[in-house]
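The task is simple: from the sequences and hints, build the whole structure.
Protein chains in written order, with this note's numbering: chain A, 1 to 125; chain B, 1 to 125; chain C, 1 to 125; chain D, 1 to 125.
Hints are computed from structural coordinates only; laboratory data are not their basis.
By construction, the Cβ of each residue, glycine as well, lies at the ideal position given by its N, Cα and C atoms.
Keep in mind that a hint or two might mislead.
[Claimed, not checked] In silico contact screen, one side only, chain A against chain D (beta carbon under 10 Å); selected entries:
| # | residue |
| --- | --- |
| 1 | Thr8 |
| 2 | Gly11 |
| 3 | Tyr12 |
| 4 | Leu14 |
| 5 | Asp15 |
| 6 | Phe17 |
| 7 | Gly18 |
| 8 | His19 |
| 9 | Asn21 |
| 10 | Asn22 |
| 11 | Ala23 |
| 12 | Val68 |
Protein chains: 4
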Amino acid sequence: MAHEYRLTVRGYELDSFGHVNNAVYFNYCEQARWEILRTRDLFDYFLKNRLILVVAEARIRYAREAKVFDELAVHTDMAREAPYLVFDHTIKNRDTGEVVARGTIKTLLVDHDRIPHDIPDFFLG
Amino acid sequence: MAHEYRLTVRGYELDSFGHVNNAVYFNYCEQARWEILRTRDLFDYFLKNRLILVVAEARIRYAREAKVFDELAVHTDMAREAPYLVFDHTIKNRDTGEVVARGTIKTLLVDHDRIPHDIPDFFLG
Amino acid sequence: MAHEYRLTVRGYELDSFGHVNNAVYFNYCEQARWEILRTRDLFDYFLKNRLILVVAEARIRYAREAKVFDELAVHTDMAREAPYLVFDHTIKNRDTGEVVARGTIKTLLVDHDRIPHDIPDFFLG
Amino acid sequence: MAHEYRLTVRGYELDSFGHVNNAVYFNYCEQARWEILRTRDLFDYFLKNRLILVVAEARIRYAREAKVFDELAVHTDMAREAPYLVFDHTIKNRDTGEVVARGTIKTLLVDHDRIPHDIPDFFLG
Numbered sequence: 001m002a003h004e005y006r007l008t009v010r011g012y013e014l015d016s017f018g019h020v021n022n023a024v025y026f027n028y029c030e031q032a033r034w035e036i037l038r039t040r041d042l043f044d045y046f047l048k049n050r051l052i053l054v055v056a057e058a059r060i061r062y063a064r065e066a067k068v069f070d071e072l073a074v075h076t077d078m079a080r081e082a083p084y085l086v087f088d089h090t091i092k093n094r095d096t097g098e099v100v101a102r103g104t105i106k107t108l109l110v111d112h113d114r115i116p117h118d119i120p121d122f123f124l125g
Numbered sequence: 001m002a003h004e005y006r007l008t009v010r011g012y013e014l015d016s017f018g019h020v021n022n023a024v025y026f027n028y029c030e031q032a033r034w035e036i037l038r039t040r041d042l043f044d045y046f047l048k049n050r051l052i053l054v055v056a057e058a059r060i061r062y063a064r065e066a067k068v069f070d071e072l073a074v075h076t077d078m079a080r081e082a083p084y085l086v087f088d089h090t091i092k093n094r095d096t097g098e099v100v101a102r103g104t105i106k107t108l109l110v111d112h113d114r115i116p117h118d119i120p121d122f123f124l125g
Numbered sequence: 001m002a003h004e005y006r007l008t009v010r011g012y013e014l015d016s017f018g019h020v021n022n023a024v025y026f027n028y029c030e031q032a033r034w035e036i037l038r039t040r041d042l043f044d045y046f047l048k049n050r051l052i053l054v055v056a057e058a059r060i061r062y063a064r065e066a067k068v069f070d071e072l073a074v075h076t077d078m079a080r081e082a083p084y085l086v087f088d089h090t091i092k093n094r095d096t097g098e099v100v101a102r103g104t105i106k107t108l109l110v111d112h113d114r115i116p117h118d119i120p121d122f123f124l125g
Numbered sequence: 001m002a003h004e005y006r007l008t009v010r011g012y013e014l015d016s017f018g019h020v021n022n023a024v025y026f027n028y029c030e031q032a033r034w035e036i037l038r039t040r041d042l043f044d045y046f047l048k049n050r051l052i053l054v055v056a057e058a059r060i061r062y063a064r065e066a067k068v069f070d071e072l073a074v075h076t077d078m079a080r081e082a083p084y085l086v087f088d089h090t091i092k093n094r095d096t097g098e099v100v101a102r103g104t105i106k107t108l109l110v111d112h113d114r115i116p117h118d119i120p121d122f123f124l125g
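Structure, rendered in structure tokens:
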């Protein structure tokens, strides 16, 4: 079941055309991943084992503009596609229900020396 | 022939793991596009016709970490794949010559009312 | 009475030392100002009269580090000190009650041609 | 004698009003400090002794707007005002010579446990 991270678009996230800059959506998706780690107590596991999720590939398809004060939700599903841990993010406008953007972020779990680490089953459970 | 935009990685662009945050590479690619518009005098054409390039899809595959003070170059090619104007970015480390990341950014040329606008031939010439 | 804007520190807002980067606090304060404009229906007034608040001086004194997932509140008071509209921001950790930072942002209300505009009484009421 | 750090304003650094966002100037000043550390070989000293410069207070007075492609220079002087190491930054437009902003950043030199560390004479020499 998808994890949901809620946010309100901030004024300084707009670019000179008055809508959210394309790179900011990657920030939103990253924060959704941080929240998942926190919610599932994976954050402590990461710190203890000195693991990090390195982004191997990041892709977002933009469907609609987002503007300041828009109430958004990032819905996230995780899947293991060895060697990747893949996050599927769908960003929706919470007022209209419309999809604003869809993101696919492929990550690798590595230790402090950048050695790949297996993705434990309990990540996805 | 590819356009080249040179930059040095800044300290505040690093994330808590000490390497350039994944979203920052999209900033680098965006600036490469701004520089192309400037170099080809397209910037004035955009302002005069109230046109903007809207990002429809953005994808980066990361090959190597970048760290503070790394000297990078963003090499960019443009291609028309109707209705898109597609930018292919290759980010290289200028000291080692190694590829740091490859990006593909699909954009749409639209006017102020978000009406799609044909991509003039002189964009690519 | 102070306006309160609540936020949770995001992971990508950390710098390479693992705490919130000094410039990000200015983002937090800016968003607190956007929220005030929205709450007081000043946002529409700004758009209609093509007014903007230009920052003339920005200062923050940092008291404590903030880390990812810290629950913060930006408490803001406004005062007119002609020709400035001054915002006093106090950023607190909502769990500990401790002050994280104090900011003073002096702004000028200007129109689209950068001509100073009087600060209406209803801004402060 | 002042250290000089040169930069060109990037398009994504603009806010929705078309000029450089107020917080971005703090980024520029931070990068000027990183460059000083590098130029004076202090960067390695910091890494070896696990020292960091923590910002205790940051202030910028804005004089003129900066826009995309503006060629700026950050001129920086350092002074020891115990317990602080103070950086005075003057940001100028390199084409017009006009001052864009002046910044004063008070920093504390601390070790990894946040214990204050004396500021060596060779920092300033």
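Comparing the hints with the structure gives:
1. Thr8: Check failed: Cβ of Thr8 (chain A) comes no nearer than 16 Å to chain D, outside 10 Å.
2. Gly11: 7 Å, holds
3. Tyr12: Since chain D brings a Cβ to about 6 Å from Tyr12 (chain A), closer than 10 Å, the hint holds.
4. Leu14: 4 Å, holds
5. Asp15: At about 6 Å, which falls below the 10 Å cut-off, the nearest Cβ of chain D leaves the hint on Asp15 (chain A) intact, so it holds.
6. Phe17: Holds, about 8 Å.
7. Gly18: 5 Å, holds
8. His19: OK, holds: His19 (chain A) within 10 Å of chain D, min 8 Å.
9. Asn21: 6 Å, holds
10. Asn22: 9 Å, holds
11. Ala23: Holds. Min distance 7 Å.
12. Val68: 8 Å, holds
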